[in-house]
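Protein chains: 2
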Amino acid sequence: MKRVFGIDVGGMSVKFAIVDETGTIIERWSVPTNLADAGSHIPDEMISSINEKLASSPEPIVAIGVGIPGPVNGEDAVRAVNLGWGNMPLGNILREGTGLPVALINDANAAAVGEVWMGGEGSVTGNSIFVTLGTGVGGGIIIDGKIVGGDHGCGGEIGHIPVVAPSERVCGCGNVNCLECYASATGIIKNANELAEKAGEERRFTKGEEIFEEVKQGGATATAARDMTVDYLARALAGIMATVDPSEVIVGGGLSGAGDLLMVPLAERLERYVFPPMRGCYTLRRAALGNEAGILGAAYQALQLV
Amino acid sequence: MKRVFGIDVGGMSVKFAIVDETGTIIERWSVPTNLADAGSHIPDEMISSINEKLASSPEPIVAIGVGIPGPVNGEDAVRAVNLGWGNMPLGNILREGTGLPVALINDANAAAVGEVWMGGEGSVTGNSIFVTLGTGVGGGIIIDGKIVGGDHGCGGEIGHIPVVAPSERVCGCGNVNCLECYASATGIIKNANELAEKAGEERRFTKGEEIFEEVKQGGATATAARDMTVDYLARALAGIMATVDPSEVIVGGGLSGAGDLLMVPLAERLERYVFPPMRGCYTLRRAALGNEAGILGAAYQALQLV
Chain A
1 MKRVFGIDVG GMSVKFAIVD ETGTIIERWS VPTNLADAGS HIPDEMISSI
51 NEKLASSPEP IVAIGVGIPG PVNGEDAVRA VNLGWGNMPL GNILREGTGL
101 PVALINDANA AAVGEVWMGG EGSVTGNSIF VTLGTGVGGG IIIDGKIVGG
151 DHGCGGEIGH IPVVAPSERV CGCGNVNCLE CYASATGIIK NANELAEKAG
201 EERRFTKGEE IFEEVKQGGA TATAARDMTV DYLARALAGI MATVDPSEVI
251 VGGGLSGAGD LLMVPLAERL ERYVFPPMRG CYTLRRAALG NEAGILGAAY
301 QALQLV
Chain B
1 MKRVFGIDVG GMSVKFAIVD ETGTIIERWS VPTNLADAGS HIPDEMISSI
51 NEKLASSPEP IVAIGVGIPG PVNGEDAVRA VNLGWGNMPL GNILREGTGL
101 PVALINDANA AAVGEVWMGG EGSVTGNSIF VTLGTGVGGG IIIDGKIVGG
151 DHGCGGEIGH IPVVAPSERV CGCGNVNCLE CYASATGIIK NANELAEKAG
201 EERRFTKGEE IFEEVKQGGA TATAARDMTV DYLARALAGI MATVDPSEVI
251 VGGGLSGAGD LLMVPLAERL ERYVFPPMRG CYTLRRAALG NEAGILGAAY
301 QALQLV
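First to last, the protein sequences are chains A and B. Each residue of the first sequence is one higher than the last, beginning at 1 in my numbering. Each residue of the second sequence is one higher than the last, beginning at 1 in my numbering.
Don't take every hint at face value.
One copy or any two copies: either way a pair holds, since identical chains are not told apart in the list.
Derived lysine to any residue pairs resembling SDA-like cross-links, with alpha carbons at most 20 Å apart [as the list claims (entries may be wrong)]:
hint: 1; residue 1: LYS53; residue 2: GLU201
hint: 2; residue 1: LYS146; residue 2: VAL306
hint: 3; residue 1: LYS146; residue 2: GLY74
hint: 4; residue 1: LYS207; residue 2: GLY134
hint: 5; residue 1: LYS146; residue 2: SER247
hint: 6; residue 1: LYS146; residue 2: THR125
hint: 7; residue 1: LYS198; residue 2: ASP144
Derived from the structure by calculation, the hints contain no laboratory data.
Throw the hints in and build the complete structure from the sequences for me.
Written as structure tokens, this is what we have:
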């Protein structure tokens with residue numbers, strides 16, 4: 001059975017795994033991300049770690065898949081700000097350093113592929129939407145079983161879908177009122193504090209968990225903040241659904257940890273906003289894999305090479 | 001050189017063409033659409049017309065592509081309301097009746113493929129968005145050179161992206177405030193009449209052309225109506241662009257006949273709303289082909305079979 005490396009390059013650590021065709025993780029390890037000198041040592045340290053494992057592995061490992069925190073253009077990581085990288089020809093460097101074929105993929109896209117693959121039924125087919133609600137909002141779009149990387153490495157950047165809102169929130173990208181200003185873990189806090197201020201309340205929220213704790217108790221401000229997040233998210237997802245007509249919508253990231261408090265109203269709103277012929281024709285579910293999704297998605301991309 | 005049939009089934013006529021691999025239309029004809037008996041005679045009449053041409057053609061014609069005014073699921077037209085069709089296994093019927101392989105495609109999707117193919121550089125590669133602004137708003141999404149048909153035949157139904165608006169307009173689909181309620185030929189008239197009423201004006205608009213005539217003269221109400229259409233359209237397109245990251249955005253349909261009066265402000269708004277890394281990385285253009293787009297797109301799909 002074929003084995004590949006699935007790698008997730010993050011700002012804190014580079015996570016490695018050896019993964020087989022069934023999606024089983026045979027072995028995993030990680031090394032701290034070396035951010036010195038604009039991240040320029042990262043590729044060589046990856047090569048060392050890979051070659052060490054190749055030398056000691058009883059079974060051959062035949063390809064490498066790497067998730068990158070930034071846009072990917074073919075064999076190049078284009079701009080991974082958290083690593084200090086400008087254009088980094090990582091695919092070529094890793095291939096020359098290890099002799100293995102290399103697939104690069106954006107990390108949110110890798111998580112999408114991983115979730116559809118191993119969070120689901122063990123195959124990647126048809127059309128799926130994955131959205132991750134963390135500090136920002138990321139995502140991945142899968143069409144006919146393939147991730148949409150985009151013509152400029154920006155496929156699935158659904159956190160930057162513009163929304164219409166009464167307030168003006170400046171997004172990290174520089175635009176005003178992107179989806180992630182309202183539907184991320186930080187967005188829902190902004191919702192809650194804006195509503196608290198309007199209601200003349202003194203207290204301010206600092207964590208998503210506090211908000212969902214209050215939602216559970218029936219708190220009006222927290223519930224309204226949750227509903228605001230759900231409404232923007234449902235409209236955006238309904239828009240994406242009208243565009244690509246998926247069978248599956250998966251919600252991951254920290255905010256999805258709220259479980260039914262998020263997913264039940266989201267399901268209700270999504271059914272309201274979705275193009276009527278699609279009503280009842282798709283599944284909406286929480287991501288199942290957590291941090292492993294990225295490694296598995298990267299491994300899946302590697303398996304497509306061999 | 002390979003030749004195929006490109007067919008566009010409309011509510012008034014069925015348009016046929018023989019098209020070669022270079023996209024040249026060798027011959028074209030049409031027959032009135034027979035809507036009697038819930039459109040049940042249409043497939044047989046198509047077969048007669050195809051077989052007649054096959055018998056008389058000096059060159060072999062090797063496949064059939066058909067654009068359908070409704071969703072397509074594999075070999076079936078699922079629900080073509082204007083033809084009276086429920087589920088119609090058209091692919092199978094035409095294949096058995098002619099002996100040729102058959103590709104079915106939704107008509108707006110066919111127009112998208114045709115525009116990218118022959119309205120552009122003669123090839124279908126990469127990612128493109130096509131939007132048609134007619135009575136409604138339709139479209140087609142092309143990813144890696146392939147049309148996104150969708151898991152339920154609803155790919156590219158971008159007229160039904162939900163928008164946030166101060167008024168409530170019920171869409172033909174049953175939802176409230178779909179993009180096409182604001183950005184279609186009928187939507188812009190609603191914009192203008194709503195604004196005229198608010199401004200205490202007596203007159204009402206009945207045609208898009210009147211509105212653009214007044215925009216040319218600097219009329220405030222008409223300009224505001226145009227800007228409303230442009231704003232909703234630009235936000236929706238920017239959202240789709242954040243999702244699929246195309247190189248090309250094409251605008252067709254009756255409203256695109258307004259030319260620069262529509263396209264110049266649209267280009268400006270789109271640059272404002274698009275995810276910043278994509279700024280300047282895509283082309284926005286008017287559709288070039290008019291009614292031929294659908295026939296050519298259907299022919300292109302047929303050519304992929306042989």
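So, going through the hints one by one against the coordinates:
no. : hint             : verdict
1   : LYS53 to GLU201  : neither (57 Å within a copy, 77 Å between copies)
2   : LYS146 to VAL306 : within (16 Å within a copy, 23 Å between copies)
3   : LYS146 to GLY74  : both (15 Å within a copy, 19 Å between copies)
4   : LYS207 to GLY134 : within (12 Å within a copy, 47 Å between copies)
5   : LYS146 to SER247 : both (14 Å within a copy, 18 Å between copies)
6   : LYS146 to THR125 : both (8 Å within a copy, 15 Å between copies)
7   : LYS198 to ASP144 : neither (46 Å within a copy, 47 Å between copies)
Violation of the numbered hints given earlier is confined to hints 1 and 7; the remaining hints are satisfied by the structure.
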